Amino acid sequence: LGALKGLQDRMVTADNLRQRRGKKDGAGVTGGSTSADGATSTAAEVTPIQQLRDAHARLVLSRERTAELHHSWRNQLLRVSLLVIFISLHQLQSCIGSCLREIKGFNQSTADGKISGARAIQTVFGMY
Numbered sequence: 031l032g033a034l035k036g037l038q039d040r041m042v043t044a045d046n047l048r049q050r051r052g053k054k055d056g057a058g059v060t061g062g063s064t065s066a067d068g069a070t071s072t073a074a075e076v077t078p079i080q081q082l083r084d085a086h087a088r089l090v091l092s093r094e095r096t097a098e099l100h101h102s103w104r105n106q107l108l109r110v111s112l113l114v115i116f117i118s119l120h121q122l123q124s125c126i127g128s129c130l131r132e133i134k135g136f137n138q139s140t141a142d143g144k145i146s147g148a149r150a151i152q153t154v155f156g157m158y
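Residue numbers (the working numbering): 31 to 158.
All the pointers check out, no bait thrown in.
Derived SDA-like pairs: lysine to any residue, alpha-carbon spacing no greater than 25 Å straight-line:
#1 K134 - S146
#2 K134 - F155
#3 K144 - V154
#4 K144 - C125
#5 K144 - E132
#6 K134 - A150
#7 K134 - M157
#8 K134 - H120
#9 K134 - V154
#10 K144 - L130
#11 K134 - A148
#12 K144 - G156
#13 K134 - G147
#14 K134 - K144
#15 K134 - Q121
Hints were generated in silico from the structure; no laboratory data involved.
All of these numbers come straight from a predicted model, not from anything done at the bench.
When you get a sec, could you build the whole thing from the sequences and use the hints?
As C-alpha cells, this is what we get:
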C-alpha cells in the first residue's frame with residue numbers, strides 16, 4: 031500500500047515536471063496574497079520533505095529519459111554500422127573478383143608458374 035502511494039506521488043509530481051524551467055506556474059501566484067512590500071506568500075508552504083520528493087521524482091524522470099535516449103542512440107549507431115559493413119563488403123567483393131580473375135588469367139597463360147589457391151588468398155587479402 032505504501033509503494034502504491036509512492037507511485038501515485040511520483041505520477042502526480044511527474045505531471046508537474048513537464049513544465050520547463052524558467053516558466054512560472056500560474057497556480058502559485060493566484061493562490062497567494064501580496065503584501066505591501068510586494069512579496070507573494072502561498073496558502074500552503076512546500077515542506078522540505080515535499081521538496082525532496084519532487085527532486086527525487088525529477089531525478090528519476092531525468093534518468094529514465096537519459097536511458098531512453100542512450101538506447102535510441104545505440105540502436106541508430108548499430109544500424110549505421112551495419113550499413114557501413116554491407117557497403118564495405120560490396121566494394122570489397124568487386125576488388126576481390128577482379129583480382130581473382132587476374133590470377134586465373136595468369137594461371138591459364140603460364141604453364142610452369144601457377145599461383146596456388148593458398149597463395150592467391152594470401153595475395154588477395156595482403157597476408158603475403
